[in-house]
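A.B. asks: These protein sequence lines are chains G and L, in that order. FYI, the numbering for the first sequence is 61 to 206, going by our numbering. FYI, the numbering for the second sequence is 11 to 232, going by our numbering.
Hints may contain errors.
[What the hints assert, rightly or not] Here are the in silico distance ranges between beta carbons for each label pair:
#1 L:G172 - G:P101: 55 to 61 Å
#2 L:E135 - G:E63: 50 to 56 Å
#3 L:G221 - G:G130: 54 to 60 Å
#4 G:E184 - L:N125: 39 to 45 Å
#5 G:D131 - L:E135: 21 to 27 Å
#6 L:G67 - G:I98: 26 to 32 Å
#7 G:P159 - L:R114: 37 to 43 Å
#8 L:T116 - G:K196: 37 to 43 Å
#9 G:E181 - L:N125: 36 to 42 Å
Keep in mind that the hints were calculated from the coordinates and are not lab data. Keep in mind that this is a model prediction, so the values were computed, not measured. From the three backbone atoms N, C-alpha and C, an ideal C-beta is built for every residue, glycine too.
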Amino acid sequence: MAEFEPIIVAFCCHYCAYGAADLAGSMRLEYPSNIRIIRLPCTGKVTPVFLLRAFEKGADGVYVAGCLEGDCHFIQGNLVAKPRVNYTKKLIQEVGLEPERLEMFNMSAAMGPRFAEVAREFTERIKVLGPSPLNKKYRHASNRAA
Amino acid sequence: MVIGERKPFDEITRMLEGHKKIVVLGCGGCVTVCLTGGHDEVRVLSSQLRMARDKAGDPIEIIEKTVERQCDPEYIEEVHDIVPHIDAVLSMACGAGVQFMAERYTNTPVYPALNTTFVGGSIKEGYYVEKCQTCGECKLYYTAGICPIARCSKSLLNGPCGGSTKGACEIDPQVDCAWQLIIDRLKSLNQMDRYEDIMAVNDWRTNRDGGPRKMVREDFQR
Chain G
61 MAEFEPIIVA FCCHYCAYGA ADLAGSMRLE YPSNIRIIRL PCTGKVTPVF LLRAFEKGAD
121 GVYVAGCLEG DCHFIQGNLV AKPRVNYTKK LIQEVGLEPE RLEMFNMSAA MGPRFAEVAR
181 EFTERIKVLG PSPLNKKYRH ASNRAA
Chain L
11 MVIGERKPFD EITRMLEGHK KIVVLGCGGC VTVCLTGGHD EVRVLSSQLR MARDKAGDPI
71 EIIEKTVERQ CDPEYIEEVH DIVPHIDAVL SMACGAGVQF MAERYTNTPV YPALNTTFVG
131 GSIKEGYYVE KCQTCGECKL YYTAGICPIA RCSKSLLNGP CGGSTKGACE IDPQVDCAWQ
191 LIIDRLKSLN QMDRYEDIMA VNDWRTNRDG GPRKMVREDF QR
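Bound-form chain L, shown alone:
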């Protein structure tokens, strides 16, 4: 899932200066699961904003709403009757959701309440780690299901660097060396021959270097 972290409160209040009526719009997708932008977080942030503005003698009216997903036109259509009556939308979705909203509602400013941080998962409740860098060329077959692009600090493709010490990365002893993990697992799976295959220089065009990406299922195009 896409992981997001809420922006600092001061940054959010600065964005909303001058606005008297807004909608705080949550997203029922990834950011609900990672506890940063769902129904509960909408209520928490709205409460905080109302209190801060009340305290400053400049009250703000807030509509609290959460849609199924903000990265889908059909769901953001649910707020079409609200948006014309407000000054701004504060979206608690990831960067994709914010942009879908901004493109759909052209006359209303749409602000992000989150910093979209990475693609990952939860290793326990409320604890999220990065697992994928969406490079567009999955190598997990060769690397025993552990991604060297996302989890090696240098994104090396053919084994560890000299900074790998006792299984840890030189950037931080708390960070595992991805290549140590890969080799350990290849050994236990008896697949070390895959380590012997030299991986060619990565084609980063499938990553961001090739510009914004798209994926089209032709059978769904009408």
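So that you can see chain G by itself, here it is in the shape it has in the complex:
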């Protein structure tokens, strides 16, 4: 079997992490192609449903990237998102997924290198954890091997 390449969904705030991703690109910084970015107007838009549906559709890891605390464009959207992410960790744990598959990061739009670093670190973390049991591609592969 080829090396496990996780599918990672990153919910990124338009005002910070999405800009940081753009900057990382402009700076020609490399980060893993495993990351699928979904742009949000603010991380305050994130609800447990968004995060769960990503896992349900087979994402191996999910993270939310919002503005630095105190710097939210909408004053406190990132502070709304943080407890929701923590709550959703418990929800995925109930299902039997490792809570480490979900994380929240904070960064500013000027932090292109940090965006790339987070993408690399998180991808490494998920590679260590292995495929999600709901990732159909790898589940079928492991069933065939069995």
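Got chain G; can you put chain L on it based on the hints?
C.D. replies: Below, chain L alone, put in the same frame as chain G:
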């Protein structure tokens, strides 16, 4: 409003063992407001159930639906075309809603996803406290708008017990002594004379002791 808390996930999955197609039915009333059984919570629980069953190699098909209220026949009629085609209903309403569903849909099992806990309100978003025990004989006139039945741990009617210490109840220093609150407020309203009236022994027949209760508006009966 009626407050409910979601049952432990394991308990819910055990109830659904053997079922292949269900509806997770939310309620747009109280449990939507207390964030346990509304449209969003239906989607969250459905996602979790699908994932858990997928993971176990025993997938389940779930219809996600929320009606205005489950404690009203006209609203639960909205699912009459769904229920015959499913194995079970997982209701996210309070105990009243679950029973309305069970009585309407006699051939389909209806399971509760929540534990109905108390009648209360929110002191801030996502934080709910008990305020009323539905005793059926409101005493708030005498007690400055603070209920001794629901909020005194012993439901005492004529002043605090010896366990009242510095305004707190002996069961937990975080719990206010209801009678301390009542007396403080009666004093500030200059209504302490109401405290002097001895309240008679409570007639619990208006509470659950008289069996299931009903309330009928005669002018609405046709």
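A.B. asks: Now, for every hint given, state plainly whether the structure supports it.
C.D. replies: Hint check:
| no. | hint | in the structure |
| --- | --- | --- |
| 1 | L:G172 - G:P101: 55 to 61 Å | holds (57 Å) |
| 2 | L:E135 - G:E63: 50 to 56 Å | violated (45 Å) |
| 3 | L:G221 - G:G130: 54 to 60 Å | holds (58 Å) |
| 4 | G:E184 - L:N125: 39 to 45 Å | holds (41 Å) |
| 5 | G:D131 - L:E135: 21 to 27 Å | holds (23 Å) |
| 6 | L:G67 - G:I98: 26 to 32 Å | holds (29 Å) |
| 7 | G:P159 - L:R114: 37 to 43 Å | holds (40 Å) |
| 8 | L:T116 - G:K196: 37 to 43 Å | holds (39 Å) |
| 9 | G:E181 - L:N125: 36 to 42 Å | holds (40 Å) |
When held up to the earlier numbered hints, the structure conflicts with hint 2 and nothing else.
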